[in-house]
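Full structure from sequences and hints, please.
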Amino acid sequence: MIFQLVRRFTQTLLVLFGVSVATFLTMHWAPGHPLQANPELRLDPTAVERWLQLRNLDQPLPAQYLSWLSRMLRGDFGQSLLYNRPVIELIRERLPSTLLLTVTAFLIGLFLALVVGIYVAKKQNSWVDRMVQVYSLAGISVPGYWLGIVLIICFAYRFPLFSAVGMRTPGDGSLPDILQHMVLPLIVMVFHNFAYYVRHVRSAVLNVLNLDFVRAAKARGLTDKQVMLWHVLPNSAIPIVTIAALSLPVLFTGAMMAEQVFAWPGIGRFIVTSTMARDYPVIMTVNLYTAALVAIANFLADVLYLFIDPRLRVKA
Amino acid sequence: MLAVKDLEITFSEKNSIFKAVRKVSFSVQAGEILGIVGESGSGKSMTALALTGLLPPEAKVCGSMSFAGKTMHFEDNSQWQGLRGSKIGIVFQDPAACLNPLKTVGKQVAEPLILHKGLTPKEAEVETIRLFSALGIEPAVQRIHHYPHQLSGGQQQRVMLAAAIACKPMLLIADEPTTALDVTVQAQILRLLHEYVHNHSAALLLISHDLGVIAQLADEVLVMCGGTIVEKGSVYQIMQKPLHPYTKLLLASLPRLDAPLKLPLVANEGLTAEGGCVFAARCPHYRAICLEKEPPTKLLAEGRQTACHIL
Amino acid sequence: MEAKNAGNTEFLIGISLIIILSALALLAPLLAAHDPYETDAQNWLQPPCKEHPFGTDRLGRDIFSRVLYGARVSLAVGTLSMLMSVAIGFLLGMAAGYFGGVLDGLIMRFTDIVLVFPSMLLVLTLVAIFEPALWLVIFVIGGTGWPGVARLVRGEVLQLRTKEFIQSARMLGANHFRIMLYHLLPNALGPVLVAATLSVPAAVMTEAGVSYFGLGIQPPIPTWGNMLRGAQLYLRHAWWYAFFPGLFIFLTVFAFHLTGEGLRKQLGLTRVRRRG
Chain A
1 MIFQLVRRFT
11 QTLLVLFGVS
21 VATFLTMHWA
31 PGHPLQANPE
41 LRLDPTAVER
51 WLQLRNLDQP
61 LPAQYLSWLS
71 RMLRGDFGQS
81 LLYNRPVIEL
91 IRERLPSTLL
101 LTVTAFLIGL
111 FLALVVGIYV
121 AKKQNSWVDR
131 MVQVYSLAGI
141 SVPGYWLGIV
151 LIICFAYRFP
161 LFSAVGMRTP
171 GDGSLPDILQ
181 HMVLPLIVMV
191 FHNFAYYVRH
201 VRSAVLNVLN
211 LDFVRAAKAR
221 GLTDKQVMLW
231 HVLPNSAIPI
241 VTIAALSLPV
251 LFTGAMMAEQ
261 VFAWPGIGRF
271 IVTSTMARDY
281 PVIMTVNLYT
291 AALVAIANFL
301 ADVLYLFIDP
311 RLRVKA
Chain B
1 MLAVKDLEIT
11 FSEKNSIFKA
21 VRKVSFSVQA
31 GEILGIVGES
41 GSGKSMTALA
51 LTGLLPPEAK
61 VCGSMSFAGK
71 TMHFEDNSQW
81 QGLRGSKIGI
91 VFQDPAACLN
101 PLKTVGKQVA
111 EPLILHKGLT
121 PKEAEVETIR
131 LFSALGIEPA
141 VQRIHHYPHQ
151 LSGGQQQRVM
161 LAAAIACKPM
171 LLIADEPTTA
181 LDVTVQAQIL
191 RLLHEYVHNH
201 SAALLLISHD
211 LGVIAQLADE
221 VLVMCGGTIV
231 EKGSVYQIMQ
241 KPLHPYTKLL
251 LASLPRLDAP
261 LKLPLVANEG
271 LTAEGGCVFA
281 ARCPHYRAIC
291 LEKEPPTKLL
301 AEGRQTACHI
311 L
Chain C
1 MEAKNAGNTE
11 FLIGISLIII
21 LSALALLAPL
31 LAAHDPYETD
41 AQNWLQPPCK
51 EHPFGTDRLG
61 RDIFSRVLYG
71 ARVSLAVGTL
81 SMLMSVAIGF
91 LLGMAAGYFG
101 GVLDGLIMRF
111 TDIVLVFPSM
121 LLVLTLVAIF
131 EPALWLVIFV
141 IGGTGWPGVA
151 RLVRGEVLQL
161 RTKEFIQSAR
171 MLGANHFRIM
181 LYHLLPNALG
191 PVLVAATLSV
201 PAAVMTEAGV
211 SYFGLGIQPP
221 IPTWGNMLRG
231 AQLYLRHAWW
241 YAFFPGLFIF
251 LTVFAFHLTG
261 EGLRKQLGLT
271 RVRRRG
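Chains as they are written, first to last, in my numbering: chain A, 1 to 316; chain B, 1 to 311; chain C, 1 to 276.
Treat the hints with care, as some may be off.
Okay, derived cross-link-like pairs now, BS3-like style, lysine-lysine, Cα gap no bigger than 27 Å in a straight line [to be verified]:
hint	chain 1	residue 1	chain 2	residue 2
1	A	122	C	163
2	B	60	A	122
3	A	122	B	168
4	B	103	B	60
5	B	168	A	225
Residues of chain C placed beyond 12 Å of chain A at every Cβ, according to the derived structure [to be verified]:
hint	residue
6	22
7	46
8	160
Per label pair, the in silico range of CB-to-CB distance [stated by the list, open to error]:
hint	chain 1	residue 1	chain 2	residue 2	range
9	B	64	C	9	37 to 45 Å
10	C	51	A	296	31 to 39 Å
11	A	2	B	101	20 to 28 Å
Keep in mind that the hints were calculated from the coordinates and are not lab data.
Ideal Cβ placement from N, Cα and C applies to all residues, glycine included.
Next up, the structure:
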């Protein structure tokens, strides 16, 4: 068990290293030298030298990488070219609203998927099951921003029930106000998440239901409910945990779309604006940290498997 | 103690109907071991599943069985819930697949004890240890904490047996209990089955494709082919004086030391015996009538019957 | 257990939709009543009518014609980047699975690295660094979409490598290239076909998303994504402006998902895992 943990940990470290190098080199080789952002500097050679020195840009590449990495780890992400403010501040302002939206969407989507997925797995090929299967394909095929637009047309303009833009009404910001702003973006995200999760929950449960030990458990006199809770679900947990961990990029993409359509003041919208403006410090920080988060989530999922499945805990 | 009457199992797809078991009736007494022998697809495993109400939902079942003084209809699937694990115990073919890989074997054996006997988890653990020792799963105190993948095939089957007999069922059904095991382990499992029947005067339904296994253990034997009982008799009658051509074929396929193997391989090509005898298409002695009429079951003596036109 | 003809309906509906959409794209010049670039300031934001079945946009251009021409872009991006992803993924997966060892480790870590970046973010970043253009979008989506295929092919090859028929081919003196081409390739074809089918909608979705964000294929070339972007300011008054381009994104993506799912069921494969 220790061996596998160490192995996966080393692999994750390697991936994180690769991610940071890739991000660093992309930024380093990206067209448009940072110097060009300050045209007046070019007039004075000594100023240029000083400017480079200050930012360690006169050092060899590996040294530059190391100092960049240590700054990134300490939370010193540099200045935004667009806002001319520290990137860390900009992110700190926007992170809570993204987390609020994404975590809520994740929890609702996963919960619905578990309930519905287990139900339709038990009723395989019933009409409910067929409907859920069609929905799960349709749900992942709908572009989030388009669904958002349709919702805005219907429920913000035609029947003005919810707000179409932002997170709070200026001057308000009470909980009910934020909730009613959240409704439409949440629907967009959950529509997609739920579809994505439900097909995996369904097939994870279905795969286990067809195994012999389920029949053997019934033969011991367990009721269907007991069989489901004690034997089927624990065995379906591994694929479901995998999907939950792997869905982090899906969630991120969903947040980008929903935030863009509904002008939700979060990281997703921020990254789109920053990319449009080629605000490299912001782009690279978000890339680095998102990728690192995904790598770490995958690692944690692997650790969780070891606790779920005794067969993986072999000594090597 | 157990009497099955007119058991019929059909699977229907869009435009085809497949009869897995056709009008099968038999009975078992307490303390008796009834062997059911037949090739794969003969309907013997389906019969076992029907007796426990564990057939897949798409199967259509008719008939009735009386067990422990109660008569139950196969159409109504709700009555088996309380019997499984308490009055009827089942052992399946592949023990490795029949154990949940994520739970310790002790926990799995304790389940019926907690469910049917109302033991506390602690009491159930003590009882499980006792069961494990009785069945030779040693050292029992440690074994209960092991996961299925840590046990050998023979040990796994002992665990399955422990779970099946935990609540001292009156009827034990063993569906190919030794097929997935090594020959040396087979004998041990068979002995444990025999001991249980002997000590608790329970009934055992032993299902196997292997006449050798049946011959070792069974008192009475049913020979099944194509979903029907083609012959029935005591184990001596079946082994010494087989009547039905199918039984003879099964016996001839047993390897013997004293004679060369002679298999009357017949394939009556192009024959379709729809509505006739289920064995006609492979029978060396078939006649015209075999193709048209289902042979009636002839009762030859008490407990001795066969279904064949030729006899 | 799934029935023998499972997935048939999905496959047939999906493939018919794909054929219809491809026909619309190919025959766009014949079917479109208007030039997709032709502006008509007097008839701007016309609701759907006989002349303009999907209405007109803010410059009076015929949305129906623009949607048809947009299909060309979407399907081209989808197919070409799928081909690129499958080619890269196939080569890397085959090499990793077949040769194993250090090469396998290197390729798989590289795959992991590409895989941890959310694809939309990665494509957005790369497109932003360079000048947005059609070929770049195809290149970037194709160049980042291969890890799924690589993992899949590697898994298949690892399973097949130990099979007797590969061993006997090797015993008979077949070289690596021959084994890969004649023995491994045909056997891994089924899963790859499913993965290929499913990577088309992923590419279409990404292109539309990037164009909607304003970084993909630039106006005036009509794409469904940049049409939606253009419509964003007119939602209150012109529902048709945003509705039809989005509907076609959905139909295209849905058609490929149906086809892929149908294929998967028919080939009896377990689910192919995709990234978002």
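Results of checking the hints against the structure:
1. 122(A) - 163(C): 36 Å, violated
2. 60(B) - 122(A): 19 Å, holds
3. 122(A) - 168(B): 31 Å, violated
4. 103(B) - 60(B): The given pair, whose Cα atoms are some 33 Å apart, is violated under the 27 Å limit.
5. 168(B) - 225(A): Judged against 27 Å, a Cα distance of about 24 Å means the pair holds.
6. 22: 17 Å, holds
7. 46: Non-interface label on residue 46(C) holds, nearest chain A Cβ at 17 Å vs cutoff 12 Å.
8. 160: Nearest chain A Cβ is 22 Å from residue 160(C), so the label holds.
9. 64(B) - 9(C): 37 to 45 Å: Given a distance of about 40 Å, which is inside 37 to 45 Å, the answer is holds.
10. 51(C) - 296(A): 31 to 39 Å: 56 Å, violated
11. 2(A) - 101(B): 20 to 28 Å: 21 Å, holds
Checked against the numbered hints above, the structure violates hints 1, 3, 4 and 10; every other hint is satisfied.
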